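Novice: If you read the protein sequences in the order shown, they are chains A and B. Residues in the first sequence are numbered consecutively from 330, following our numbering. Residues in the second sequence are numbered consecutively from 330, following our numbering.
Some hints could be false.
Unchecked claim - Straight-line alpha carbon distances no greater than 20 Å define the calculated SDA-like cross-link-like pairs of lysine to any residue that follow:
(1) LYS576(A) with GLN487(B)
(2) LYS506(B) with ILE551(A)
(3) LYS506(B) with ARG494(A)
(4) LYS576(A) with ARG495(B)
(5) LYS576(A) with ARG494(B)
(6) LYS506(B) with ALA643(B)
(7) LYS506(B) with ALA452(B)
(8) LYS576(B) with PRO657(A)
(9) LYS576(B) with THR478(A)
(10) LYS576(A) with ASP354(A)
(11) LYS576(B) with GLN865(B)
(12) LYS506(A) with PRO657(A)
(13) LYS576(A) with LYS576(B)
(14) LYS576(B) with ARG494(A)
(15) LYS506(A) with ASN928(A)
FYI, nobody ran anything at the bench for these hints, they're computed from the structure. Every value quoted in this text rests on a predicted model; they were computed, and no experiment measured them.
So the chains spell out like this:
2 protein chains.
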Amino acid sequence: MKQNQTIGVIQDGRQHQVATGGAADVLSVLQHSRFTIAAPCGGSGTCGKCLVRVIEGDPTEPCKMEQRLLSAARLAAGMRFACRLVPADAMVIEIPRWHAETRNKATLVAAALENDPLLAKRALSLAPPSIEDQRPDLERVLSASGCATQSLSVRALQSLAQDIRRHGFEVTALIDKEEEDHGRLLAVEPGVTAATLWGVAVDIGTTTVAAYLVDLLSARAIDVYSEINRQAEFGADVVTRITYSQKHGVAPVHQAIVDQVNAMLTSLAKRNAVALSDIYLAAVAGNTTMLHFFSGLDPAAIGVSPFIPVATRALSLAAADLGIRINPYARVVTLPGISGYVGADVVAAIVASRMRERAEVSLLIDIGTNGEIVLGNGDWLAACSTAAGPAFEGAQIRFGVGGVDGAINCFAFYPEDNPDNAEQNTGHVSLTTINSTPASGICGSGMLDIVAVLLQTGAVDETGRLLRQDELPQSVPSAIRTRCIEFESSPAFLVAEADQTRDGEAIYLTEHDVRELQLAKAAIAAGIDTLLADAQVQVSDVATVYLAGGFGSYMNPESALAVGLIPQQVRGRIEVLGNAAGIGTVMSITSRTVSRQCNHIAQNVRYIELSSSPDFQTAYIQHMGFGEL
Amino acid sequence: MKQNQTIGVIQDGRQHQVATGGAADVLSVLQHSRFTIAAPCGGSGTCGKCLVRVIEGDPTEPCKMEQRLLSAARLAAGMRFACRLVPADAMVIEIPRWHAETRNKATLVAAALENDPLLAKRALSLAPPSIEDQRPDLERVLSASGCATQSLSVRALQSLAQDIRRHGFEVTALIDKEEEDHGRLLAVEPGVTAATLWGVAVDIGTTTVAAYLVDLLSARAIDVYSEINRQAEFGADVVTRITYSQKHGVAPVHQAIVDQVNAMLTSLAKRNAVALSDIYLAAVAGNTTMLHFFSGLDPAAIGVSPFIPVATRALSLAAADLGIRINPYARVVTLPGISGYVGADVVAAIVASRMRERAEVSLLIDIGTNGEIVLGNGDWLAACSTAAGPAFEGAQIRFGVGGVDGAINCFAFYPEDNPDNAEQNTGHVSLTTINSTPASGICGSGMLDIVAVLLQTGAVDETGRLLRQDELPQSVPSAIRTRCIEFESSPAFLVAEADQTRDGEAIYLTEHDVRELQLAKAAIAAGIDTLLADAQVQVSDVATVYLAGGFGSYMNPESALAVGLIPQQVRGRIEVLGNAAGIGTVMSITSRTVSRQCNHIAQNVRYIELSSSPDFQTAYIQHMGFGEL
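Modelling step: build the complete structure from the supplied sequences, incorporating the hints.
Specialist: As structure tokens, this is what we get:
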């Protein structure tokens, strides 16, 4: 370990020389230098996802896990776990492009929003002072603006005298209307600047961050930009990141998301020709842990029972205090959450679903990296959370990936359409990949499709066992049968042949992967059951099932029904919302009514803690298999 | 002018080597290096008060004003105006001690204060979280503290999780009770810290700054510390300092008072064994310009008609934002003022006088560097301001000084107590100086006494003319007569012989000085008349005259009556309050009732602008002479 050691890092074809700073492994070097690299297990050497390619400099001998998870060909090509690779002099490594890719392009909000934003600007022609009107500058602005109160910063007060005189007593007042109709004076700008008033809504998902640019004058989101959450380098799921922050402090994880939000807002502003200084408000949603990291709050106690957050209520913070580089007087408001595992993103999704505007009971299922479920109507709401998500984002899955280019996202079996040939059924399978590039792995929706096909064709039995080829019943079509082979001495399903894949190596779904999916879908299904039982609602009384979240919005509802992730009885009543959390966050800054609704929801949702619920445990075990309940 | 030039500066017997930084004169060098030096005219070379002694290095030739105002002996001894002295290589100068001296030792508040302070601490034993009680940390603290709202800083939120767990869920809540009975949570400290809760009350006078250390638990001021306002180097009066800030920016003047307050609070805390971090609240009063400089607001528009401040309402600012180094979560509240020239110090003095608790009409006369007058009772109040003060603080007076050591503060004539010898009256004069040191000059109360004696003995006529010895009527006692001589070819009164003085040079009251006093006392007297006329109150109906302020509290009321500064009719109804502004400021943080009274007073006092009042002009001219009206 040398203090002045550097290694070469190639990303997107460009080579950077990066100081190792004495770090013991390449993952730490890359993390400290802010390269985006996915490390779902947080660098513990178990997931095999933080792959880099050693271009120059001899890598150390592969460790046991590398030998187990990487083929001889990939090892020979220099692929290694970054978390196990020791930096060496003259070493040059390459970060494969897939680490920074995402398919989760958040969609733009189409619906017109209520136009009653939290912030307003008012152009004021102040009466010039005279010996008959000696009111102080501040009183002059307050009375002209109609504001009852003010919370000008020290800096704003210090420049107030010059600001109001720069353009002959023509000023524009920035007014916070969140709490009172009369408003609170936030800032005073010289001249007439009332023609622009921008806000941003940011949804910080564990996997994906989406930022919406919102014109607060017309209450319209005009653009959206999303990226993989760069905290991926600290782990795929919230618990891994919490563990990381306990070891290394909250600061690096906090700084990573602040830096990323700043970079995203810069991009978003630039491509819309908006000045960052014209962005006056940032509303931020996300699960409770992500909001903690964003605000720099310590999420340690969320990570262990009884799962206690520092704060879930809405916070209004000075953007400058958080280091968010928009207008210097701008505020950042975090949306309120419900509990440690039912966060502000769920509150925003509830708002976006409009399920509170209905008398009938609806179910909202938001599956991203976690799975949250909400049940209720305009009178009552109950919610719970399950740790179901990571499997759907590729974690713990042998060839699992997130929603990146080449991820197998749809898989289907088509029986031959020849009734005369029913005995000799062969059929064929079909798959699609994100952006139609060579397959790089299996993402959640692909996995759901594959297991649904295997169940429907009989290759997986009701207990979830992936049958060996010689065990398969006669009825299994040959297109499936021929793919039921072995991988690493266990039964596996060949999803994509080597010549279809990015790395030239076949992609399999393993027996273990099916077990992971069973656990995940059982958790969701049991959560639904527990909520229904607690509220004494029959599943037949559920009018609509809203699907939301990074995975929830992309999965094929038919496959979800087939594997029992959602109950059969709701077939035909499913509605896909897309990025409901982002849409709800946009709504919250364009409408004071919605903003208040968010607080009301956060305070009034009945939270069901599943970890201590015997009903949940029973339902979880019942849902583990694939048989009809 | 050399970039690396330094000069030696001796202060209090210690020599410092100070970089000139290219400054053109020694006053600027001293100002930039934070030496305390009085420069009443702001460095324009007209007042002759910023004297330093050149010890080594040839001073330049004396300028015309130096030749006029400094005797040959003093010039020969190396005394020069710092504002006209050009820094030279190997120069060493000495700052005479008197520049840093003050007599205005603010007095401690004796009266018991209402114990209902703006801030409270509450020790809380929080219920530890459990799976049945998953409330977030913040909600746990809020409900235990009884606070309805919170305004924790980003930093406080970021450490909240650790803070409440450091001592096993034993914490102390810091609660702002200003606005609501339930209070607003300001900070959370680990463990039980409720045994200490300190505040400070600071009164920033143009000439003197006084800081009170207040125990907010017992509502008692336990110590007071005062210093000359170091802004003296930027000018003696508010207008000179405003002019300085227009040339050089608000920042240096702002920084000077922030640095001084920090230094004073450090001294005050140290000598009372109080940690600065245990001071949670600073209430600051002062005239409107001083409060502007303290908060860094630009007072430029106060300096010219129509005299518009940036803000006069009470401001609550983060101590950290202002650079006041007390508890990191502490707030600084500035008391509300009434207008550009009737400031928060007057509001505090009104509170301290308790004139609002009376049905009878009272008059409050607060004379520091400015003179403010308030008239009224529990039902109504009216106020005005006169620029009367500077003369009373030594400005424009030939041998005038502030309340420093050696200042002649009392002067009296005692006729011989021998009725048989009435024809041949001789009598004798007597003077005292502050701290009984050799006379250094004449301060306001001394000047008032001298003029009263000259009037009463006939040496000054009713028009204010100081008679030449040969014009004196027979009745003038010889002790006075022999002192009526010439100084610089004009009639003058010998106040102190050369052997009585610090500098070995006689001290005179000049004809011009009497004129200055006439203008000053006429302004006060006319202000009183204008207020009475406006309110249609007879002077005989004034129940009490309260005297306050740096000069108001030290002057001899009999002399004030003799020269007509206050009306004869109130004799016997005069009450001296001392540092009423400081006392009122202490009251404002120990009592929410008083704090609210301050806001009520600031909003409801009828302000009379004298500069545009024809009544005032008439009264001013009438009061210019010394005859009975």
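Novice: For each hint, tell me whether it holds in the structure or not.
Specialist: Right, here's what the structure says about each hint:
1. Using a Cα cut-off of 20 Å, the hinted pair LYS576(A) and GLN487(B) holds, with the two alpha carbons roughly 17 Å apart.
2. Between LYS506(B) and ILE551(A) the alpha-carbon distance is near 44 Å, which puts this suggested pair outside the 20 Å criterion.
3. Restraint check for LYS506(B) and ARG494(A): the C-alpha separation of about 36 Å exceeds 20 Å, so the hint is violated.
4. The hinted pair formed by LYS576(A) and ARG495(B) meets the criterion: a straight-line CA distance of about 18 Å does not exceed 20 Å.
5. The suggested pairing of LYS576(A) with ARG494(B) holds, with an alpha-carbon distance near 18 Å, which does not exceed 20 Å.
6. The straight-line distance between the Cα atoms of LYS506(B) and ALA643(B) is roughly 15 Å, inside the 20 Å bound, and the hint therefore holds.
7. A hinted pair counts as satisfied when its Cα atoms are at most 20 Å apart, and LYS506(B) with ALA452(B) qualifies at roughly 16 Å.
8. For the hint pairing LYS576(B) with PRO657(A), the CA-to-CA distance comes to about 27 Å; that exceeds 20 Å, so the pair is violated.
9. Restraint check for LYS576(B) and THR478(A): the C-alpha separation of about 33 Å exceeds 20 Å, so the hint is violated.
10. Under the criterion of a C-alpha separation no larger than 20 Å, the hint pairing LYS576(A) with ASP354(A) is consistent with the structure, at around 16 Å.
11. A distance of roughly 44 Å separates the Cα atoms of LYS576(B) and GLN865(B); the hinted pair therefore is violated under the 20 Å criterion.
12. Only pairs whose Cα atoms come within 20 Å are accepted, and LYS506(A) paired with PRO657(A) is accepted, the gap being roughly 19 Å.
13. Simply put, LYS576(A) and LYS576(B) have alpha-carbon atoms about 54 Å apart, too far for the 20 Å limit, and the pair is violated.
14. Distance check on the hinted pair: LYS576(B) and ARG494(A) sit about 18 Å apart at the alpha-carbon level, within 20 Å; holds.
15. Between LYS506(A) and ASN928(A) the alpha-carbon distance is near 15 Å, which keeps this suggested pair within the 20 Å criterion.
In terms of the numbered hints stated before, the structure departs from hints 2, 3, 8, 9, 11 and 13, listed from lowest to highest.
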